[in-house]
Amino acid sequence: MEDTVLKLGKYEFNSRLFVGTGKYQTFDIMKEALEASGAEVITVAVRRANIGGKPGESLLDYIDKDKYTILPNTAGCYSADEAVRTALLAREMGISDLIKLEVLGDRNTLLPDPVGTLKATETLVKEGFTVLVYTSDDPIIAKRLEDAGATSVMPAGAPIGSGQGILNPNNIRIILETLSVPIIVDAGVGTASDVTVAMELGCEGVLLNTGIAQAKDPVKMARAMKLACESGRLAYLSGRIPKKLYANASSPEKDF
Amino acid sequence: MQINVNGEKKECPTGSSLSKLLESLDIDKRYVAVELNHKIVPRIQFSEKRLQENDSLEIVTFVGGG
Numbered sequence: 001m002e003d004t005v006l007k008l009g010k011y012e013f014n015s016r017l018f019v020g021t022g023k024y025q026t027f028d029i030m031k032e033a034l035e036a037s038g039a040e041v042i043t044v045a046v047r048r049a050n051i052g053g054k055p056g057e058s059l060l061d062y063i064d065k066d067k068y069t070i071l072p073n074t075a076g077c078y079s080a081d082e083a084v085r086t087a088l089l090a091r092e093m094g095i096s097d098l099i100k101l102e103v104l105g106d107r108n109t110l111l112p113d114p115v116g117t118l119k120a121t122e123t124l125v126k127e128g129f130t131v132l133v134y135t136s137d138d139p140i141i142a143k144r145l146e147d148a149g150a151t152s153v154m155p156a157g158a159p160i161g162s163g164q165g166i167l168n169p170n171n172i173r174i175i176l177e178t179l180s181v182p183i184i185v186d187a188g189v190g191t192a193s194d195v196t197v198a199m200e201l202g203c204e205g206v207l208l209n210t211g212i213a214q215a216k217d218p219v220k221m222a223r224a225m226k227l228a229c230e231s232g233r234l235a236y237l238s239g240r241i242p243k244k245l246y247a248n249a250s251s252p253e254k255d256f
Numbered sequence: 001m002q003i004n005v006n007g008e009k010k011e012c013p014t015g016s017s018l019s020k021l022l023e024s025l026d027i028d029k030r031y032v033a034v035e036l037n038h039k040i041v042p043r044i045q046f047s048e049k050r051l052q053e054n055d056s057l058e059i060v061t062f063v064g065g066g
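Protein sequences, first through last, are from chains A and B. Letter by letter, the first sequence follows residues 1 to 256 of the numbering used here. Letter by letter, the second sequence follows residues 1 to 66 of the numbering used here.
Calculated from the structure, these hints are not laboratory results. Any given hint could be a false lead.
Cross-link-like lysine-lysine pairs, in silico, DSS-like; alpha carbons within 25 Å at most [said to hold, decoys possible]:
1. B:K39 x A:K126
2. A:K65 x A:K143
3. B:K29 x A:K31
4. A:K119 x B:K10
5. A:K65 x B:K29
Computed list of chain B residues with no C-beta within reach of chain A, every gap over 12 Å [unchecked claim]:
6. T14
7. S24
8. T61
Predicted, not measured: the structure shown is a model, and the values here were computed from it. Note that beta-carbon positions come from the ideal geometry of N, C-alpha and C, so glycine has one too.
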């Protein structure tokens, strides 16, 4: 079935699976997993450069920048100001004006601070960023983030790195019905079926990291996630049958 | 002279450029962004930017993340 491309501002993608680069055992495994995932967008974090030590290998040496679009994040930021500063530094790296905005509220849950997230979204939109914003699955704040100019709103399926899947599909459905920007489920994905669930609901994409990076075989899991994403998307586009309480025979009534 | 780099005190020759400092710290200039006294230094100014005593630098790069 023909699918349209995923448009995020001036960017267009064929793959709807976005993957992170954190928590891999080696850069080589990461590189292979990225390849197997079919992802075109990969996330990275901004941190202090290692000084005075031996110059380590750079993550970016393992990423073909002609092939992948780099999506820097503001992970680890607990205030709007911190997130804006991180985004400005990320853009100064000269690789992209995309930003995956995270303003966290709490270290145990890693749930977003809705007030800080909204404030930072407003500022970064004004600064000309293409803002993809991580949020909870609350439809009200999701709408506020869209109104503030976010290019994509990215509700968590479950807490970051928890692998619990899509905990509240009803909220994701309400977000999908209420907002018109692309909705990308970001965080909480544990296995392939979680990705499929998100895509079957009608999400435009899924962003995940731990589910691949910490699997026993990250490269195989990356392929599983790719297939799950395509599968869920196809099922969504195909229009599933409604759920019914009673049986409905597949074979005609017996007539002899 | 003494400067502060990523929270650590460092010695560097007086009048040193930012470029020279990055080289002396073995930092790959392709993949960094720099704040000097809390203000971003555009990449094209790395070679002309002169450092002064007690300057505070924050040098960041991309690392793995989700």
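Hints versus structure:
Restraint check for K39 of chain B and K126 of chain A: the C-alpha separation of about 19 Å stays at or below 25 Å, so the hint holds. The suggested pairing of K65 of chain A with K143 of chain A is violated, with an alpha-carbon distance near 33 Å, which exceeds 25 Å. With a CA separation close to 22 Å, the supplied pair K29 of chain B and K31 of chain A stays within the 25 Å bound. A threshold of 25 Å between alpha carbons decides the hint, and for K119 of chain A with K10 of chain B the separation of about 36 Å lies outside it, so the pair is violated.
At most 25 Å may separate the alpha-carbon atoms for a hinted pair to count; K65 of chain A and K29 of chain B meet this at roughly 16 Å. Distance check for T14 of chain B against chain A: the nearest CB is about 20 Å away, which clears 12 Å, and the non-interface claim stands. At the 12 Å boundary, the C-beta of S24 of chain B falls inside the reach of chain A, the nearest C-beta of that chain being 10 Å off. For T61 of chain B, the requirement that its beta carbon stay farther than 12 Å from each beta carbon of chain A is not met, with the minimum near 4 Å.
Violation of the numbered hints given earlier is confined to hints 2, 4, 7 and 8; the remaining hints are satisfied by the structure.
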